[in-house]
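K.L.:
Here is how the chains run, residue by residue.
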Amino acid sequence: MITKQRIVTLSPLQRGMHLITSEVEDAIEGTITVGTAHLFLQHTSASLCLSENIDPTVRSDTETFLNDLIPETYPRFRHTYEGKDDMPAHLKSLLIGTSLTIPVTDGRLNLGTWQGVYLYEHRDHASSRSLIITLQGA
Amino acid sequence: MITKQRIVTLSPLQRGMHLITSEVEDAIEGTITVGTAHLFLQHTSASLCLSENIDPTVRSDTETFLNDLIPETYPRFRHTYEGKDDMPAHLKSLLIGTSLTIPVTDGRLNLGTWQGVYLYEHRDHASSRSLIITLQGA
Amino acid sequence: MITKQRIVTLSPLQRGMHLITSEVEDAIEGTITVGTAHLFLQHTSASLCLSENIDPTVRSDTETFLNDLIPETYPRFRHTYEGKDDMPAHLKSLLIGTSLTIPVTDGRLNLGTWQGVYLYEHRDHASSRSLIITLQGA
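Protein chains in written order, with this note's numbering: chain A, 1 to 138; chain B, 1 to 138; chain C, 1 to 138.
Calculated directly from the structure, the hints in this document are not laboratory data. There's no promise every hint is true.
Treat identical chains as interchangeable: a pair holds within one or across any two.
[Said to hold, decoys possible] In silico SDA-like links for lysine to any residue, alpha-carbon gap of 20 Å or less: (1) K84 to L66; (2) K4 to T31; (3) K84 to P56; (4) K84 to W114; (5) K84 to S51; (6) K84 to L69; (7) K84 to T57; (8) K84 to S22; (9) K84 to N53; (10) K4 to T21; (11) K84 to I54; (12) K4 to L109; (13) K84 to D55.
Put together the whole structure using the sequences plus the hints.
P.N.:
Written as structure tokens, this is what we have:
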């Protein structure tokens, strides 16, 4: 068994869900055949998630629902000096998570037919995001 | 250290939480003594989770609360052509997650006394579900 | 590659978020240089999470929001005999999660600048909490 680690820097992205499956596949290339790919986002106002990869209304409905659930106008938030989108971003990041572990089989992510890997950006004006990928297996 | 991978196909289950601890224990048998078991569901409308394994009202209260939080009648959902239970299922899957990593000690899942591993089915009429188990350790 | 497992017992903590980054760093000491640290809480009424580690209002806003989202007075809960804080604790634990995997680089947790590791206690009068740390890498 081996451990390999890669750092991927994602250019600034707009608020919403962005497919990054191929960036992760590229990082696996030439490392392991079977094992796990662990993805870790070094931030607290964006998320990593798996989502349905065909119909874009799944992503827009997700954004609609989460914005209604955690409104930027929530009257009891005190952490507001970094912008009204900041505290909702921390809460979405907490609930969705910033890390994923995905099985690798035959040298590729073993995703289901309808699964895609997404960087879910919660800020209106984000900087680049740093992703650490750790590959472990044989 | 070794890596072993198993695919478990779970027969179609009713909406709700279903204990699968023993199915996972069976997959570990004869592989590793100490390490991790990574469980990955290849779907976006069901979840994997840990929950209290004694009182069934914990599971029914969970279902009640989540159905109230993400109602099937949510007026702003646009992804509705696969049934009114579909978009709520994607959101529950996003919030609860579809993957678990559990420590293995002495050849068994090292769960707390009150923890059980559950497949949480969010669809009314689900097909079988595919679970990939990756065991890594010594 | 090696696998090492440690058990850390956390003394009873007050309801809320408690920084445990250094307890986890101590468990890594002298084990691996590169790989992953897997943290697993053997309980269903507390969580493990990453959160912003500077401004305490992020943590208090998180507690405020989650208490509003999952009120102790929720009229449809039936699992109430262990106290009104019990079922909300199970739901927070389900939504936030009880396990984290964090990359290890140069023998240390490779966290982002603003990330801290937190034990999030959801009960009013908790007992000690048991955390299993599995280190895998080279």
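K.L.:
It remains to establish, for every hint, whether it holds in the given structure.
P.N.:
These are the hints, each one checked on the structure:
When the C-alpha separation of K84 and L66 is checked against a cutoff of 20 Å, the pair qualifies both within a copy, at 15 Å, and between copies, at 18 Å. With identical chains, the CA atoms of K4 and T31 are at most 20 Å apart both within one copy (7 Å) and between copies (17 Å). Taking the shortest Cα distances, K84 and P56 sit within 20 Å of each other only across copies (17 Å), while inside one copy they are farther apart (26 Å). Taking the closest pair of Cα atoms, K84 and W114 come within 20 Å of each other only across two copies (19 Å); inside a single copy the shortest separation is 34 Å, beyond that limit.
Taking the shortest alpha-carbon separations for K84 and S51, only the inter-copy value of 18 Å comes in at or below 20 Å, while the best intra-copy value is 26 Å. In the homo-oligomer, the alpha carbons of K84 and L69 lie at most 20 Å apart both inside one protomer (15 Å) and across protomers (19 Å), since each shortest distance falls under that limit. Taking CA atoms no more than 20 Å apart as the test, K84 paired with T57 passes between copies only; the shortest distance there is 14 Å, against 25 Å inside one copy. For a Cα distance limit of 20 Å, the shortest separation of K84 from S22 qualifies neither inside one copy, at 32 Å, nor across copies, at 32 Å.
For the identical chains of this complex, K84 and N53 are inter-copy neighbours only, at 19 Å across copies versus 30 Å inside a copy, given an alpha-carbon limit of 20 Å. With identical chains, the CA atoms of K4 and T21 are at most 20 Å apart within one copy only, with a shortest distance of 18 Å there and 24 Å across copies. In the homo-oligomer, the alpha carbons of K84 and I54 lie at most 20 Å apart only across protomers (18 Å), although the nearest pairing inside one protomer, at 31 Å, exceeds that limit. With identical chains, the CA atoms of K4 and L109 are at most 20 Å apart both within one copy (15 Å) and between copies (15 Å).
Within a single copy, K84 and D55 get their C-alpha atoms only as close as 29 Å, which misses the 20 Å cut-off; across copies the closest is 15 Å, which meets it.
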